[in-house]
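**Student:** Going down the list, the protein sequences come from chains A and B.
In terms of this note's numbering, the first sequence has 162 at position 162, counting the first letter as 1, and numbering is strictly consecutive.
In terms of this note's numbering, the second sequence has 95 at position 95, counting the first letter as 1, and numbering is strictly consecutive.
Don't read these hints as lab results, they were simulated from the structure.
In this text, a Cβ means the ideal position worked out from N, Cα and C, and glycines have one as well.
Worth double-checking, as some hints may not be accurate.
Quick list of in silico lysine-lysine cross-link-like pairs, DSSO-like style, CA-CA up to 30 Å [what the hints assert, rightly or not]: (1) Lys-411/A x Lys-92/B; (2) Lys-334/A x Lys-92/B; (3) Lys-282/A x Lys-292/A; (4) Lys-377/A x Lys-92/B; (5) Lys-92/B x Lys-10/B; (6) Lys-10/B x Lys-262/A.
Taking beta-carbon pairs under 10 Å as the criterion, some of the chain A residues facing chain B (in silico) [to be verified]: (7) Ala-238; (8) Val-242; (9) Asp-244; (10) Glu-293; (11) Asp-350; (12) Met-357; (13) Ala-375; (14) Phe-390; (15) Val-393; (16) Asn-429; (17) Phe-483.
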Amino acid sequence: MQNKSIAQMAAELRLRTYSSVELTRHYLERIARLDPRLNSFISVASESALTAAERADRAIAAGDAGPLAGIPIAHKDIFCTAGIKTSCGSRMLDNFVAPYDATVVERLAAAGAVVLGKTNMDEFAMGSSNETSYYGPVHNPWDADRVPGGSSGGSAAAVAARLCAAATGTDTGGSIRQPAALCGITGIKPTYGRCSRWGMIAFASSLDQAGVLARSAADAACLLDEMAGFDPRDSTSADVAVPDYVDALDHDIAGLRIGLPKEYFGEGLDPRVAASVQDAIKEYERLGATVKEISLPNSPLSVPVYYVVAPAECSSNLARFDGVRYGHRCENPKDLEDLYKRSRAEGFGDEVQRRIMIGTYVLSAGYYDAYYLKAQKIRHLIADDFARAFEEVDVIMGPTAPTTAFPLGAKTDDPVAMYLNDIYTIATNLAGLPGMSIPVEPVDGLPVGLQIIGNSFQEARLLNVAHRFQHVTHWHQGAPSGFE
Amino acid sequence: MSLDASDIEKIAHLARLEIALESIARYAADLSNILDLVAQMDAVDTTGVEPMAHPLHMSQRLRPDRVSERNQRELFQAIAPLTEDGLYLVPKVID
């Protein structure tokens with residue numbers, strides 16, 4: 001049951017082969033039995049899931065069901081959900097039940113999706129291994145001693161382990177694509193502004209974007225069709241028409257021009273990962289695509305630029321957590337400053353505090369020009385590199401991450417080593433472009449991701465390009481042992 | 001770039017974070033390492049380059065200045081740590 005595509009589940013629900021209540025119970029049973037090995041969920045919402053499933057069954061019976069009616073999904077715990085705790089992986093929000101639903105949550109609910117629960121994540125989405133979560137690390141379903149990637153590590157592990165049909169995620173510097181790669185699933189980060197940020201707890205507002213983690217491009221298209229679109233409540237939401245992503249999946253890709261940035265195949269890339277990615281690109285050539293080397297000369301600067309821009313915006317966004325209006329509050333504050341300082345120090349973990357301090361430093365008097373302004377200028381150069389590349393190619397391909405999943409604890413003492421995991425994903429966020437990761441041939445039993453980057457608002461093209469590959473290969477169907 | 005203990009104390013104060021004395025050395029080392037990474041930017045000539053304020057070069061949308069939200073004070077204050085008569089309570093600020 002859990003290996004069926006979303007389209008197949010939707011069709012069988014309509015044929016009453018099984019009910020949404022049965023399907024939802026099946027997933028809840030899997031979560032109860034298997035998630036203790038993974039820790040991929042922070043909250044499981046059995047009761048509200050079954051209520052939503054009953055509602056979906058009634059809508060199907062009445063013939064007015066939405067496209068995702070009765071399909072059980074999970075939300076990253078960064079999306080506000082009225083009635084289910086939204087912790088953002090932090091002690092700061094351990095007691096927080098949002099008074100409203102995020103737009104993405106609202107839209108998926110309107111399409112009939114059933115929410116099984118909220119998935120684990122790096123605290124406030126700051127991390128690449130899911131080890132900064134207040135609720136403990138998530139284990140990679142392919143090897144429990146390894147990380148699932150982050151920050152959407154819980155969503156990636158839950159989808160890979162078939163604990164939900166698909167899950168939402170967010171991607172500020174690679175947080176959908178990198179865990180999708182490390183867990184052997186399909187992830188898409190849409191163009192900046194494509195999905196509403198309203199009700200999605202802010203980390204770095206000029207980079208944050210919601211997207212999907214799923215078992216295939218076709219499944220991802222089903223969710224993105226519902227999530228994408230203009231939202232007046234998000235001031236940076238893009239008022240750009242949304243094509244039908246499912247309709248575009250089967251388009252022919254003969255003649256597709258693929259660019260391979262030479263900077264993405266250099267030092268630091270595991271040669272076995274490189275070989276696996278190259279094999280996938282050969283498959284695209286067999287499908288009629290042409291390949292050429294391109295250059296993104298400023299992309300090596302994307303990590304330094306990101307570690308100015310993202311912490312700067314984080315320090316500003318996280319100033320709202322003050323122990324006054326919601327969230328954690330320290331005991332017996334002696335004055336207002338003590339209330340702020342201790343509530344924040346107790347509520348935030350180490351990585352979040354490091355980033356707040358870096359951000360505070362680079363924005364402090366006298367340093368703005370040398371750091372933030374300089375970073376925003378180089379960001380322009382990085383975006384220009386992509387613009388030039390897209391004059392001669394349709395999509396850019398390369399590895400999603402430099403290595404397969406690394407052991408838990410391997411990089412927790414060295415923040416900079418951890419940051420370099422996102423070396424191939426960050427530039428896309430800085431330029432606001434859409435990116436995907438799809439599974440290709442594993443290395444030593446561990447998943448490898450192929451990254452596909454498109455021009456702005458080319459999500460339909462990306463999903464189409466990914467789907468055609470998945471049509472002729474089977475890497476996306478592999479299930480980790482014990483979770484088949 | 002190397003930060004010392006007094007830099008960390010100043011930054012932590014600006015960020016309103018209570019930092020334990022024994023953590024200061026570690027934060028100083030971590031933040032200095034991150035700033036070393038960031039220093040790669042210095043090698044780039046950005047003369048005449050416009051800073052990028054928005055990834056898609058869109059400008060901020062404006063809406064008419066009309067009331068569009070209803071008052072939901074009770075709902076929002078239901079999750080507050082401490083309130084009284086519709087007000088958020090904090091330690092006394094003025095004697």
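**Student:** Against each hint, give a clear statement of whether it holds in the structure.
**Tutor:** Hint check:
no. : hint                  : verdict
1   : Lys-411/A x Lys-92/B  : violated (44 Å)
2   : Lys-334/A x Lys-92/B  : holds (9 Å)
3   : Lys-282/A x Lys-292/A : holds (12 Å)
4   : Lys-377/A x Lys-92/B  : violated (44 Å)
5   : Lys-92/B x Lys-10/B   : holds (25 Å)
6   : Lys-10/B x Lys-262/A  : violated (42 Å)
7   : Ala-238               : holds (7 Å)
8   : Val-242               : violated (15 Å)
9   : Asp-244               : violated (22 Å)
10  : Glu-293               : violated (23 Å)
11  : Asp-350               : holds (8 Å)
12  : Met-357               : holds (5 Å)
13  : Ala-375               : holds (6 Å)
14  : Phe-390               : violated (14 Å)
15  : Val-393               : violated (20 Å)
16  : Asn-429               : holds (8 Å)
17  : Phe-483               : violated (36 Å)
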